[in-house]
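Protein chains in written order, with this note's numbering: chain U, 1 to 295; chain H, 1 to 281.
Simulated from the structure, these hints should not be mistaken for laboratory data. Hints may contain errors.
The following label-pair restraints were derived from C-beta to C-beta distances [claimed, not checked]:
| hint | chain 1 | residue 1 | chain 2 | residue 2 | range |
| --- | --- | --- | --- | --- | --- |
| 1 | U | 63 | H | 109 | 41 to 47 Å |
| 2 | U | 5 | H | 88 | 24 to 30 Å |
| 3 | U | 136 | H | 56 | 18 to 24 Å |
| 4 | U | 14 | H | 15 | 57 to 63 Å |
| 5 | U | 180 | H | 138 | 48 to 54 Å |
| 6 | H | 49 | U | 138 | 15 to 21 Å |
| 7 | U | 78 | H | 262 | 31 to 37 Å |
| 8 | H | 241 | U | 253 | 32 to 38 Å |
| 9 | H | 15 | U | 191 | 19 to 25 Å |
| 10 | U | 181 | H | 49 | 38 to 44 Å |
| 11 | U | 145 | H | 30 | 23 to 29 Å |
| 12 | U | 44 | H | 172 | 44 to 50 Å |
| 13 | H | 81 | U | 10 | 28 to 34 Å |
Note that CB positions come from ideal geometry on N, CA and C, so glycine has one too.
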Amino acid sequence: MKSTRALTPYLFLGPAALVFGFAVLVPMAMTVGYSLTEWTGVGPMRFVGLDNYAKAARDAVFRASFSHVLVYIAATLVLEVGVGLGLAGLISARRGTAWFRVAVFTPVMLPMIVVAVLWSFVYNPDFGLVNAGLAGVGLDGLQRVWLGDTSTALLAISVVSGWVFAGFYMMIFHAALRQLPAEIVEAARIDGAGEWALFRRVKVPMIRNAVAVAVLLCVTGGFQGFDLFFVLTNGGPYGATEIPTTYLVKVVFRDGDVGYGSAMAVILTAVVLGVGLVYARVQRGRSAASRGRWT
Amino acid sequence: MSARARRSPPRRLPAAVAQAGLALIAIVFFFPMVWMVLSSFKSNAEIFRSPFSLPSGIDLGHWTKAWEVAHLGRYAINSAIATGASVLLILLLGAGAAFAFSRYRFRGRGLLLSLFALGLLLPVQSYFIAQSRLFTDLAITDTRLALIVPYAAMGLSLAIYLLKAYLDALPGELFEAARIDGASDLRVFLLLAVPLLRPGLATVAIFSALSSWNEFLLALLYIQDDTLKTIPTGLLAFSSRYVTDYSLLFSALSLVTLPMIVIYLVFNRHIVEGITAGGVK
């Protein structure tokens, strides 16, 4: 009796652990192993130590891909989190904005591939909405081949990302703002704070946890972005939108350089986990500090 | 908005102006989708000549043609199978694991819990290279399992995390009482824990269903057989076959998008809750 009892939790846990171990943990360990080899995916594997990591550090394309993704992340912090926060602020003081939330949140529902193909048409130089819109208001001079121009392609993709996720962050902030105690907001209003001051000095500081989560999601999600880039430019024009995810897919699945691709995958993973750890550390420090203040 | 408010801080914007401003923003967000549907009724020549004009009539001919040549029905069925099976696995295995973590103390608990927690943050890039080798060696690629298994594995972390939090919040006496009444562990799980977990299971189901339905990268790598492709990869294959047949492409996009918008409008609250809870963790 006693021994079967001891087995019980493992029986409940077993199937999940098996699936997770087989599809995630084992392949992750194998990827780390691959990264120490020179291997095309077939034939013999040659152990090369940390050579692939040294190669990644020297690889100009890989380094450029990191600066591109950092630019993309910076842009999406503004276009997703910033715009989402602004929109949540706009509707937080009003009633009857359900229709607005529905309209802005709808893109979150769509598969990224649908979004990407749709926006490849929005940016189409011949009949796309952007260029046609510019012509419509007499700004023909600003027309561009948005995705084919090295100076605009990365930003154009960031805008699509913002179009999708601004609504997502708006909802997060909207939910957080609704939880604020009404008395505090009212007190500030009675003290003569304008709506903008109220938003900036009272509401945003009070939902800073939600803002911190949103920034974490936006940054870690940004490093993993792939679908939009793959469909809209796949790294082009002239490598201007090459990011680590698109580059490593090319290296592994087009060039068959499994060892080198795995090293880049490990580096990317380390960066994402690193960001997560820094966030956890900061949050823990903050909550410890606030505990210290209150007790 | 900011500049205006700063100039005259104490005065609030007239409601009508604010409402009009919100409407304008909503239109900007929604317009690409409206444009997509309108363009699907136009001919290629009309699309090029006047991108903003209304179509001359509502001709569903492009839609029926797109439905057929794009094999959308087939892709939708494949997506439904991959999504349905993976969500079912996530709910079943996730609830079991969450029950074990919440109700029992056992050796290895902390380690296993932190491994699953790691899954909340792990990018797909950390494992998909070796996973694709593994699936090729085991002849799993180009079968339905190639998507069902990884989708289930990717969803488990969040499911366990959310469901465990639900179970932890329940009063322990509830389970003690059942135990004293002589119910077996399995009965306690199936007849007590699972029904109490219903709201959590719904949240997990919505989030996992949308992630699986929309997943692209693994579907691109693991499924070459067109008869097994899901909507994202199927649509991409179609769009590269008919690169310049814009009215057909707009129709296919509309056919994929409109049902999702309808589902969203019907289950609005639940979906928003599911997606944001899943995202925020």
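Against the structure, the hints come out as follows:
1. Between residue 63/U and residue 109/H the C-beta distance comes to about 42 Å, which sits within the given range of 41 to 47 Å.
2. Remark: the range hint 24 to 30 Å for residue 5/U to residue 88/H is upheld by a beta-carbon distance near 29 Å.
3. For the hinted restraint 18 to 24 Å between residue 136/U and residue 56/H, the CB-CB distance of approximately 20 Å keeps it satisfied.
4. With their beta carbons about 59 Å apart, residue 14/U and residue 15/H fall inside the hinted range of 57 to 63 Å.
5. A hinted range of 48 to 54 Å holds for the C-beta pair residue 180/U and residue 138/H, which are about 52 Å apart.
6. In this structure the supplied range 15 to 21 Å holds for residue 49/H paired with residue 138/U, their Cβ-Cβ distance being about 19 Å.
7. For the pair residue 78/U and residue 262/H, the supplied restraint of 31 to 37 Å holds, since their beta-carbon distance comes to about 32 Å.
8. With their beta carbons about 21 Å apart, residue 241/H and residue 253/U fall outside the hinted range of 32 to 38 Å.
9. Between residue 15/H and residue 191/U the beta carbon distance is about 23 Å. The supplied range of 19 to 25 Å therefore holds.
10. Take residue 181/U and residue 49/H: their Cβ atoms lie about 57 Å apart, and the range 38 to 44 Å is violated.
11. Distance hint for residue 145/U and residue 30/H: a CB-CB separation of about 26 Å, consistent with the stated range 23 to 29 Å.
12. The hint said 44 to 50 Å for the Cβ distance between residue 44/U and residue 172/H, and at roughly 57 Å that hint is violated.
13. Take residue 81/H and residue 10/U: their Cβ atoms lie about 31 Å apart, and the range 28 to 34 Å holds.
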